[in-house]
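**Q** Residues per chain, in single letters:
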Amino acid sequence: MKISEICEKLELKILVEGDMDREITGGYCGDLLSWVMGRAQGGDCWFTVMGNINAIGVCVLADCACIVLCENATLDDNAKTRAEMQGVTILSSEENSYTLATKLGNLL
Amino acid sequence: MSNLKLHFDVPGDDFTRAGEASGKVKKTLKDLGFNPEVVRKTVIALYEAEINLVIHAGGGEIDVEISPECIDMVLTDQGPGIPDVALAMKEGYSTAPDNVRSLGFGAGMGLPNIKKYTDDMKIDSVVGEGTTMYLKVFTN
Ligand SMILES: Nc1ncnc2c1ncn2[C@@H]1O[C@H](COP(=O)(O)OP(=O)(O)O)[C@@H](O)[C@H]1O
Ligand SMILES: [Mg+2]
Chain S
1 MKISEICEKL ELKILVEGDM DREITGGYCG DLLSWVMGRA QGGDCWFTVM
51 GNINAIGVCV LADCACIVLC ENATLDDNAK TRAEMQGVTI LSSEENSYTL
101 ATKLGNLL
Chain L
1 MSNLKLHFDV PGDDFTRAGE ASGKVKKTLK DLGFNPEVVR KTVIALYEAE
51 INLVIHAGGG EIDVEISPEC IDMVLTDQGP GIPDVALAMK EGYSTAPDNV
101 RSLGFGAGMG LPNIKKYTDD MKIDSVVGEG TTMYLKVFTN
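Read top to bottom, the protein sequences are chains S and L.
As numbered in the numbering used here, residues 1 to 108 make up the first sequence, in order.
As numbered in the numbering used here, residues 1 to 140 make up the second sequence, in order.
Pulled out of the complex, with its shape left as it was, chain S reads as follows:
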């Protein structure tokens, strides 16, 4: 399912708009960057509260489809700039990763 559709169905706010037509093929929840690096799959929707510049790097290198910042976690200014530069889609929600991942699971 496309990022744009997931975005609508999960009522996510768009903080940085990348390629909204990219397919989301799975999901991963986690805040420890090496866990995400080692375990997330390419195409995953990554649910996290980690809105720093290093999270952007991890998303690009692990080839996740997008980042969803849960529970309104903040996106650092330099992370936003980096995400814009690299075309990484960053979404946000007030809901927690469990709730969002459950909803995603029902859609995929």
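Calculated directly from the structure, the hints in this document are not laboratory data.
To list a few chain L residues with every Cβ distance to chain S over 12 Å, as calculated: (1) 7; (2) 12; (3) 31; (4) 63; (5) 65; (6) 72; (7) 76; (8) 79; (9) 83; (10) 86; (11) 123; (12) 126; (13) 132; (14) 140.
Listed next, the in silico DSBU-like pairs over lysine-lysine satisfying Cα-Cα at most 30 Å (straight line): (15) L/41 - S/2; (16) L/90 - L/136; (17) L/122 - L/30; (18) L/27 - S/13; (19) L/116 - L/136; (20) S/80 - L/30; (21) L/41 - S/80; (22) L/24 - L/41; (23) L/30 - S/2; (24) L/24 - L/115; (25) L/27 - S/2.
Positions of the beta carbon are idealized from the N, C-alpha and C atoms, including for glycine.
Let chain S serve as the given structure and place chain L with the ligands on it in line with the hints.
**A** Relative to chain S, chain L with the ligands alone:
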């Protein structure tokens, strides 16, 4: 055709720049048309090793050599060295300080991730002198 060689200097303790070299290697490999899964494996391993240079070694250098058959990466630093490499390789083992953990690093999964995503991994480390890590990923 001769192999493509890339060199990077990685500054220590600069977390805003950590991952730059891996990002550039990713772009190069993608542009060369390597299989996406090969690219992903290579840059995940390289990123973990690059982050370790930043966190644990006060910076260092990265050399990457790309041939059609394999990607070789050598990371060298003049940091404190690793006293017990077998212990350092264990999942969850980390000496990262708290300020680094708050950034999301220091899960002790870096070296295990590198092992998982490379076809060959070798660490030469001398306490008080530094560490050299050799990584290889086959492209087929
Ligand atoms: N280049 C290095 N120089 C010195 N020590 C290192 C280096 N790389 C790794 N280490 C040691 O190995 C441990 C495990 O590394 P790693 O698995 O990447 O976990 P983390 O980086 O999360 O601590 C580190 O905590 C550190 O003690
Ligand atoms: Mg590490």
